[in-house]
Amino acid sequence: MVDSLSSDDAQTRSHDRRVAWSVAALIAGTVLVGALLPAPAAHRASAVPSADAACAEWSDGCHVCQRTEGGVACSLPGIACVPKEQSCLRRVGG
1 MVDSLSSDDA
11 QTRSHDRRVA
21 WSVAALIAGT
31 VLVGALLPAP
41 AAHRASAVPS
51 ADAACAEWSD
61 GCHVCQRTEG
71 GVACSLPGIA
81 CVPKEQSCLR
91 RVGG
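So the sequence shown is numbered by my numbering: it starts at 1 and just counts up by one.
Don't read these hints as lab results, they were simulated from the structure. Every residue, glycine too, gets a C-beta built ideally from N, C-alpha and C. Be a bit skeptical, because a hint or two may be false.
[As the list claims (entries may be wrong)] Ranges of calculated distance between the beta carbons of each label pair, as one might list FRET restraints:
| id | residue 1 | residue 2 | range |
| --- | --- | --- | --- |
| 1 | Val64 | Gly34 | 39 to 45 Å |
| 2 | Arg90 | Val19 | 44 to 50 Å |
| 3 | Pro38 | Arg18 | 30 to 36 Å |
| 4 | Gly93 | Val64 | 15 to 21 Å |
| 5 | Pro40 | Thr12 | 42 to 48 Å |
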C-alpha cells in the first residue's frame, strides 16, 4: 500500500513537471515570436485630411465631407460660418 502511494506521487510530480515545462516553453516561444516579427508600419496621416485616403470623414467646422462610392460629398456651410483648420473625424483601415 505504501508502494502504491509513493508510485502515484512520483507519477503526479512527473506529470506536474511536464506541464510546468510545457507552459514555460509556450511562454518563451510566444515572447520569441513577438520579438522577432516586425511591427506593423504606422499610418502617416497627410497634412490635409481631404488628401489622406484613410480619412473617411473630415470637417473644417463649417463643412463636413465624407468619402462615398461616388466620390467626395460635402455638406453646405451654416450661416456666417468661419472655417478653421481641417481635422479628420473618422478613419478607415488601420
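Status of each hint after checking the structure:
{"no.": "1", "hint": "Val64 - Gly34: 39 to 45 Å", "verdict": "40 Å, holds"}
{"no.": "2", "hint": "Arg90 - Val19: 44 to 50 Å", "verdict": "48 Å, holds"}
{"no.": "3", "hint": "Pro38 - Arg18: 30 to 36 Å", "verdict": "34 Å, holds"}
{"no.": "4", "hint": "Gly93 - Val64: 15 to 21 Å", "verdict": "20 Å, holds"}
{"no.": "5", "hint": "Pro40 - Thr12: 42 to 48 Å", "verdict": "45 Å, holds"}
Of the numbered hints listed earlier, not one is contradicted by the structure.
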